[in-house]
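Let's have the full structure, built from the sequences with the hints guiding it.
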Amino acid sequence: MSDELRQLAKAISKVENLDFQALADAATLPLDSAAVHVIGVTGPPGGGKSTLCNQLIKELAVHHRVAALLVDPSSPFSGGAILGDRIRMQALVSNPNVYIRSLSNRGNVGGVASSLVSILRLLMHNGFQYIVIETVGAGQSEVKIASIADTTLVVSVPNLGDDIQAFKSGILEIADILIINKADLPGADSLYSALRESAQNPRLGWTPPLCQTVATEGLGISALLEEIHRHGHWLRQEGRLLEKRKRAAKFEVLELSRMLLQKHLDSVPAEVLARNLNRRGINLLQKLDKIYDELLNTFSEV
Amino acid sequence: MTPIRVLIAKPGLDGHDRGAKVVSRALRDAGMEVIYTGLRQSPEQIVLAAIQEDVDIVGLSCLSGAHNSLFPKVVEGLRAKGAEDIVVFGGGVIPDADIPGLLAAGIEAVFTPGTSLEEIVSWVRKRVQKNHE
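Which chain is which? The protein sequence lines are A and B, in order.
Heads up, the first sequence is in the working numbering, so the first residue is 1 and it goes up one at a time.
Heads up, the second sequence is in the working numbering, so the first residue is 1001 and it goes up one at a time.
Take these hints with a grain of salt, some might be off.
Under the rule of at most 30 Å between Cα atoms (straight-line distance), these lysine-lysine pairs were calculated in the DSSO-like manner [said to hold, decoys possible]: (1) A:Lys-10 with B:Lys-1081; (2) A:Lys-10 with B:Lys-1021; (3) A:Lys-14 with B:Lys-1126; (4) B:Lys-1073 with A:Lys-10; (5) B:Lys-1021 with A:Lys-14; (6) A:Lys-290 with A:Lys-246; (7) B:Lys-1130 with A:Lys-14; (8) A:Lys-263 with B:Lys-1130; (9) B:Lys-1073 with A:Lys-58.
Now the stretches of chain A that chain B is said to cover, found in silico as 3 or more residues with beta-carbon under 8 Å [as the list claims (entries may be wrong)]: (10) 11-21; (11) 68-79; (12) 82-90; (13) 93-99.
Everything labelled a hint here was simulated from the structure, so no lab data went into it.
Beta carbons: idealized from backbone N, C-alpha and C, even for Gly.
Structure (structure tokens):
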């Protein structure tokens, strides 16, 4: 068991480091298992995402194998990172049903790590039934998680702003389930009224429920789990889950392409790039378009 | 460039983690990915976290005086799980007289108060690079 876990942990590192062989191996593993439920948790920094994940994982792991992927931001200066989400999950470390992995976003905007879908393939292959992904502390536009997870939980907390914040586009719209955490704090009621409107808009036939939790006390967790299972059940009808996974697979191609481009861009000084764009802008853009076109011809061969 | 992954862990019962946090930050500023476990971890929990996180190296911080019993248990635990390639180093309030025993037990370096952050960062980097060769 321990050996298997070590191999999995090492395979994840290779995928993270964009090792071509590891990525290609991962790509052969299926992403379409309906026996797996991928749950994304996003929301502002300090909103209680890790504590909430801890509670959810604890419950799910009673009968199932659960993997947690905890994404934290990398430093824009050194590229290093402090990955501290585990601190909220200390009791889960020795649970044999739980695998916890901290990931740096390695400069990737959007709240997740680029190699996340490839990592999902590895975890599915290793028999995990639930995969919980905690994003970087997210503001308004970190919405990539919705392209990866089956069920996206958006955590909000009282007193972050007035009802105009709830009215804006972006992160609230990706919620399959909306959560007001720290619901024991003053201001929770007005947040509830503000979010109720967003929550009651059906999107593609699903009306996101609005749950209230106090994650530190474990309050509201069982009701939240019921909603998660209800959404999972809904997804498994009419091929919806398969559609989600197809979207995730496409997202994987997009992110890997972007990462490879980034890797090459990083090897050229910024001023050289800017100067060339400035001088030969139209030529460069046309050339780029042509390269992508040729690339996609290969990628989309039936 | 593959970042070095470090687990900084606090075995034992003391609640002082300023040192662990300062070292974590210095390693981050040197481009490393630092996973911090939080306080009061058992050696078993530290071993499991190191394996799950696939770290290159584990830094143990202890200010309670229990280093002689706790640090070697982490090294033994890693060996028992076939993860002896994960390097272990330590730091904290550790009497000079205890250091040879810790080194003999497989803790590869012990940094006591007064050590510069540069010294720790450069030791970690060199030690991990040596492992990758």
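Q) Which earlier hints turn out false for this structure, listed by number in ascending order? A) none
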